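Knowing the structure of chain A, use the given hints to seat chain B on it.
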Amino acid sequence: MIESRYYGEFGGAFIPEILVATFDQLVQEFKTAKNDPGFWDEYVRIMSTYSCRPTPLTFAENLTNYFKGPRIYIKREDLNHTGAHKANNVIGQGLLVKRMGKTRVIAETGAGQHGVATATMAAKFGFRCTIYMGEVDMARQRPNVFWMERLGAEVVPVKEGTRILKDAINEAFRDWATNMDNTHYVLGTACGPHPFPEMVSFFQSIIGKEARKQILETEGRLPTRVYACVGGGSNALGIFSGFFDDPVELVGAEAGGKGLDTGLHASRLASKDGFRGVAQGYKTYFLQNQDGQMKKTHSVAAGLDYVGVSPILASLREQGRVRFEAATDREVMDAFSLTLRKEGLVPALESTHAFAQAFKEISGLSGKDIILINQSGRGDKDIFTIADAFEDPAWRQFIIEKAEEYRA
Amino acid sequence: MLEIYLKKRLEDKNILLMTHIVLGYPSFDASFQIIEAMVKAGVDLMELQIPFSEPTADGPVIVKASQMALNNGATVKECLDLAEKAADTFDIPFLIMSYYNILFRYGVERFVSGMTKAGLKGAIIPDLPPEEGRDYIDIMRANQMAPILIFSPTTSLERMRYLNNFAKGFIYCVARKGVTGQNTNFSDELTSYIHKCREATSLPLAIGFGVKEKADIEFLKGKVDIAVIGTQTIRVMEEKGVGAVGDFIRSLL
Chain A
1 MIESRYYGEF GGAFIPEILV ATFDQLVQEF KTAKNDPGFW DEYVRIMSTY
51 SCRPTPLTFA ENLTNYFKGP RIYIKREDLN HTGAHKANNV IGQGLLVKRM
101 GKTRVIAETG AGQHGVATAT MAAKFGFRCT IYMGEVDMAR QRPNVFWMER
151 LGAEVVPVKE GTRILKDAIN EAFRDWATNM DNTHYVLGTA CGPHPFPEMV
201 SFFQSIIGKE ARKQILETEG RLPTRVYACV GGGSNALGIF SGFFDDPVEL
251 VGAEAGGKGL DTGLHASRLA SKDGFRGVAQ GYKTYFLQNQ DGQMKKTHSV
301 AAGLDYVGVS PILASLREQG RVRFEAATDR EVMDAFSLTL RKEGLVPALE
351 STHAFAQAFK EISGLSGKDI ILINQSGRGD KDIFTIADAF EDPAWRQFII
401 EKAEEYRA
Chain B
409 MLEIYLKKRL EDKNILLMTH IVLGYPSFDA SFQIIEAMVK AGVDLMELQI
459 PFSEPTADGP VIVKASQMAL NNGATVKECL DLAEKAADTF DIPFLIMSYY
509 NILFRYGVER FVSGMTKAGL KGAIIPDLPP EEGRDYIDIM RANQMAPILI
559 FSPTTSLERM RYLNNFAKGF IYCVARKGVT GQNTNFSDEL TSYIHKCREA
609 TSLPLAIGFG VKEKADIEFL KGKVDIAVIG TQTIRVMEEK GVGAVGDFIR
659 SLL
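Listed in order, the protein sequences are those of chains A and B.
Residues 1 to 408 (the working numbering) make up the first sequence, in order.
Residues 409 to 661 (the working numbering) make up the second sequence, in order.
So here's chain A without its partners, still in its complex pose (with noise of 0.2 Å):
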């Protein structure tokens, strides 16, 4: 029996007959390492001494100065090795490879983090890895591709639908169906058949963990609110996580894109445009047309660029547990400019969604109020896409000249 796991009428494990033995080996291996205390510690010390756990929460007083409203503090998962949150996950899936003594990784990517922390963890542990990576998604994040292969991972072009994350996710199931002897799936959001919505959750919630311990040793008190962006759902059910049992508003932050009404956007919960489906493994809330076909999205943000949503994150807003909004493309750059003004910090555009909304709500707020915002990644991997947002003309002569210099 496929042992399925459903977050209100969500979830579930639509896989295909061949990988069923592989999933019922994950369930069964995840299930031990999770009632393990002995793995949450060696996993807790290697994100110690590998990458920058716990990250600190840092109080943005320029913001709270310049809004005069509530305390504004960030989570900065920026500060993780390789600079996302992304790291959380991965390096918890990588222990579970070493213990179901898996040689090989594949993971898809949208904007590049996901695969490039992959390729990190492969190289540390000693795996083989591929990564598959929308065409689209390749010339928007170069800088990525390029350290994914100087990690050593080849990396894998898809150029079927969209050539998107979804496209991404549909070729890594495609390579595992036929390699899952000794490959491992290293999902990078918590989406998916079960257990990876619960698995991913897991590792992520350190963030939320810490978060709560830092916020009441810093201020004594719980933040009025949580903002996280939302694409796949992880970092947001990470930080989320730390304060389901509190009386704390939680605000998933979806990609408005150019504008709701526009069509071009990636808002599955916050839009009129997301409808109950089944797809890549899991029910959930997906962009979709009347006959089941899953839309183009669209978001400056290739992170979120996404048709689907965690099952558990459809569930939380079935429940009103989250609140779901979404941000602008333009909204988004211009939270971009004033947070790296304001405070020297580099949000990803993605994290930048949640910044944005913050700061589109925060007029309702007083003084007497804490808001936290996770900083899920760091923004330096976007620097082509800033740039052009921003039409910088010394940065775009520079390219002009480096272009030449290739060319000679």
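Hints are computed from structural coordinates only; laboratory data are not their basis.
Here the structure is a predicted model, which is why all the values come from computation and not from measurement.
Careful: at least some of the hints might be erroneous.
[As the list claims (entries may be wrong)] Computed list of chain B residues with no C-beta within reach of chain A, every gap over 10 Å: (1) Glu462; (2) Thr464; (3) Lys472; (4) Asp543; (5) Thr599; (6) Val650.
[Claimed, not checked] Here are a few chain B residues that face chain A, going by a calculated C-beta distance under 7 Å: (7) Ser435; (8) Leu478; (9) Val484.
Built from N, CA and C at the ideal position, the CB exists for glycine as well.
Quick look at chain B alone, frame taken from chain A:
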């Protein structure tokens, strides 16, 4: 019922041939012409794939065909209409192959009653294991439709027996790991896998994935009941045109 039809047909033939097409690729007119050519060439049953945007169990040829069909605007309604036309016109069983979201979004009950009305005989849904698809299986059975389930080389005998409790019509045995359209090694290992499948079910066995030429079918004779030709006819059509499909099928028999 499908199982009875197949067993009767097997009294005259030592192996049956099931072929596959992606509906709406390259067009609905061409799909109908291909079905006609296949039926005339002597195929015993056919699976008609409704294209889905995320075909995770398929290899590059069927992925591309699905995508082209969708790019041309193929809808589920048009697919069911064409399936109905085929079932009305030709005297062999037709099955639907698709992914679960197509049925889910359409409404499983409405979809199955649409299939019944169209005169179809069953469906293959590779991403819907019985653990997740009890409603679907119940609705299929209530409509005398065969839910075709899948065995794979990684499936234990115990699980095969479990799957057999839900299956009707025949069992689709995937010949190897991987997705559609890759090469299969027709070897002793495959034979022993087929023996294991036989042990788990009394339903007819179909073998698919990588069956593409006469030699493969000769190997399968006496071992399984149905050989499935999937990707290869799409390749033939792409290389030599719709008109070449009938000759290709005849070359296999």
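Tell me the hint numbers this structure goes against, listed in increasing order. Result: hints 1, 2, 3 and 7 break, sorted rising.
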